[in-house]
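From first to last, the protein sequence lines are chains A and B. For the first sequence, numbering that gives the first Met the number 0 gives the first residue as 0, with consecutive numbering after it. For the second sequence, numbering that gives the first Met the number 0 gives the first residue as 0, with consecutive numbering after it.
In short, the hints are calculated from the structure, not lab data. Just to be clear, a hint being listed does not mean it is correct.
Within a straight-line C-alpha distance of at most 25 Å, the following computed DSS-like cross-link-like pairs (lysine-lysine) qualify [what the hints assert, rightly or not]:
1. A:LYS106 <-> B:LYS111
2. B:LYS89 <-> B:LYS44
3. B:LYS106 <-> A:LYS89
4. A:LYS89 <-> A:LYS122
5. B:LYS111 <-> A:LYS44
6. A:LYS122 <-> A:LYS106
7. B:LYS89 <-> A:LYS111
8. B:LYS89 <-> B:LYS122
9. B:LYS44 <-> A:LYS111
10. A:LYS44 <-> A:LYS89
11. A:LYS89 <-> B:LYS111
12. B:LYS106 <-> B:LYS122
Far from chain A, some chain B residues (derived; all Cβ distances over 12 Å) [as the list claims (entries may be wrong)]:
13. VAL7
14. PHE11
15. ASN34
16. SER60
17. ASP95
18. GLU100
19. SER110
20. GLY115
Computed list of chain B residues with no C-beta within reach of chain A, every gap over 12 Å [claimed, not checked]:
21. GLU6
22. SER12
23. LYS106
24. ARG107
Please read these numbers as outputs of a predicted model, since none were measured by experiment. Here a beta-carbon is modelled for each residue, glycine too, at the ideal position from N, C-alpha and C.
Number of protein chains: 2
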Amino acid sequence: MYFEDFEVGQRFSTPARTVTEADVVNFAGVSGDYNPIHTDAEFAKETPFGQRIAHGLLVLSMLTGLRQRAGHFEGTIIAWMEIRNYRFLKPVFIGDTVRGESEIVEKRETSKPDRGILVQRVKVYNQRGEVVQEGEFVTLVRRRPA
Amino acid sequence: MYFEDFEVGQRFSTPARTVTEADVVNFAGVSGDYNPIHTDAEFAKETPFGQRIAHGLLVLSMLTGLRQRAGHFEGTIIAWMEIRNYRFLKPVFIGDTVRGESEIVEKRETSKPDRGILVQRVKVYNQRGEVVQEGEFVTLVRRRPA
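Could you build all of it, start to finish, from the sequences and the hints given here?
In structure tokens, the structure reads:
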């Protein structure tokens with residue numbers, strides 16, 4: 000979809016995805032974040048969570064992939080400009096299943112005629128329907144070629 | 000380091016890390032974000048960047064890993080609460096080398112005596128010393144056991 004195709008108030012849902020132990024292990028490898036709260040099951044038993052939690056950024060990264068699978072930005076997103084007020088509200092555990100929702104909250108033209116700015120309110124839900132993360136994404140999206 | 004050990008104005012530097020093609024491929028796998036701007040070299044030739052760019056969240060994820068390697072939060076970070084005003088300022092390409100800097104900008108006690116809140120201003124630099132990403136992290140950090 001091009002910039003022109005989006006409207007303020009539009010909502011998009013993504014597919015869902017189960018957060019597996021493999022995802023946490025792989026994300027630790029890619030990011031280099033081996034904080035014991037994510038990678039040490041024995042340490043994690045002694046924390047308030049009682050078990051390893053998924054990296055907050057792993058879940059945020061999965062949200063971007065789920066949004067991508069929904070297809071609305073395929074080939075038309077130019078750049079991601081900003082993440083605003085993105086809150087990690089609840090822990091996500093291995094075995095939880097997450098899905099995303101996005102709502103267009105602002106749409107702005109730029110000085111360049113080939114692109115526009117979209118602000119979206121995004122939320123990640125777990126399998127119990129609880130919002131585990133939420134925030135705003137600001138993206139630069141291609142306009143339809145004349 | 001515990002909450003008590005941090006002071007407003009303190010700065011921390013991380014090691015550096017080269018963003019490789021393998022990192023971009025692995026991050027696409029973990030996140031599921033196969034947007035062609037990250038994974039299709041031929042498509043990317045026709046974009047304003049002229050080549051594939053690293054996912055913005057890959058670089059942010061690497062920052063968290065580099066911060067982790069610096070060791071200040073080993074075993075004492077309880078949770079990541081929020082990312083504020085995190086801006087993707089410049090593209091990061093395969094072969095670029097990134098490093099991070101953090102500054103404590105706010106330190107706040109909570110109602111619970113075993114933890115406190117730290118707000119940090121973070122920046123990611125490339126090998127030319129350009130700031131490629133910057134924003135604020137809000138984290139919950141353990142206080143020193145009495």
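We went through each hint and held it up to the structure:
1. Restraint check for LYS106 (chain A) and LYS111 (chain B): not satisfied, since their Cα atoms lie roughly 41 Å apart, outside the 25 Å limit.
2. A distance of roughly 17 Å separates the Cα atoms of LYS89 (chain B) and LYS44 (chain B); the hinted pair therefore holds under the 25 Å criterion.
3. With a C-alpha separation of about 22 Å, the suggested pair LYS106 (chain B) and LYS89 (chain A) falls inside the 25 Å cut-off, and the hint holds.
4. As the CA atoms of LYS89 (chain A) and LYS122 (chain A) are separated by approximately 12 Å, the hinted pair is consistent with the 25 Å bound.
5. At roughly 20 Å between alpha-carbon atoms, LYS111 (chain B) and LYS44 (chain A) fall within 25 Å of each other, so this suggested pair holds.
6. Between LYS122 (chain A) and LYS106 (chain A) the CA atoms are separated by roughly 19 Å; this keeps the pair inside 25 Å, and the hint holds.
7. The hinted pair formed by LYS89 (chain B) and LYS111 (chain A) meets the criterion: a straight-line CA distance of about 18 Å does not exceed 25 Å.
8. Pair hint LYS89 (chain B) plus LYS122 (chain B) holds up; C-alpha atoms about 12 Å apart against a cutoff of 25 Å.
9. Taken as a hint, the LYS44 (chain B) and LYS111 (chain A) pair is honoured in the structure, with Cα atoms around 20 Å apart against an allowance of 25 Å.
10. For the hint linking LYS44 (chain A) to LYS89 (chain A), the alpha-carbon distance of about 17 Å falls within 25 Å, and the restraint holds.
11. Our distance criterion of 25 Å between C-alpha atoms is met by LYS89 (chain A) and LYS111 (chain B), whose separation comes to about 18 Å.
12. Of the pairs offered as hints, the one joining LYS106 (chain B) and LYS122 (chain B) holds, with about 19 Å between alpha carbons and a cut-off of 25 Å not exceeded.
13. The Cβ of VAL7 (chain B) sits about 22 Å from the closest Cβ of chain A, beyond the 12 Å cut-off, so the non-interface label holds.
14. The Cβ of PHE11 (chain B) sits about 15 Å from the closest Cβ of chain A, beyond the 12 Å cut-off, so the non-interface label holds.
15. A cut-off of 12 Å between C-beta atoms contradicts the statement that ASN34 (chain B) is not in contact with chain A; the least separation is 6 Å.
16. Listed as outside the interface, SER60 (chain B) is inconsistent with that label: its C-beta sits roughly 4 Å from the nearest C-beta of chain A, within the 12 Å cut-off.
17. Remark: the non-interface label on ASP95 (chain B) is consistent with the geometry, its nearest Cβ contact in chain A lying 16 Å away (cut-off 12 Å).
18. Against the 12 Å criterion, GLU100 (chain B) stays outside the reach of chain A, whose nearest CB is about 16 Å from its own CB.
19. With 12 Å as the threshold on Cβ separation, the claim that SER110 (chain B) sits away from chain A holds: the shortest Cβ distance comes to roughly 15 Å.
20. No beta-carbon of chain A comes within 12 Å of the beta-carbon of GLY115 (chain B); the shortest separation is about 15 Å.
21. Non-interface status of GLU6 (chain B) relative to chain A is upheld: no Cβ of that chain comes within 12 Å, the nearest being about 22 Å off.
22. Distance check on SER12 (chain B): its Cβ is at least 15 Å (rounded) from any Cβ of chain A, clearing the 12 Å threshold; non-interface status holds.
23. At the 12 Å boundary, the C-beta of LYS106 (chain B) stays outside the reach of chain A, the nearest C-beta of that chain being 19 Å off.
24. Against chain A, the non-interface label of ARG107 (chain B) holds: every CB pair exceeds 12 Å, the least being about 16 Å.
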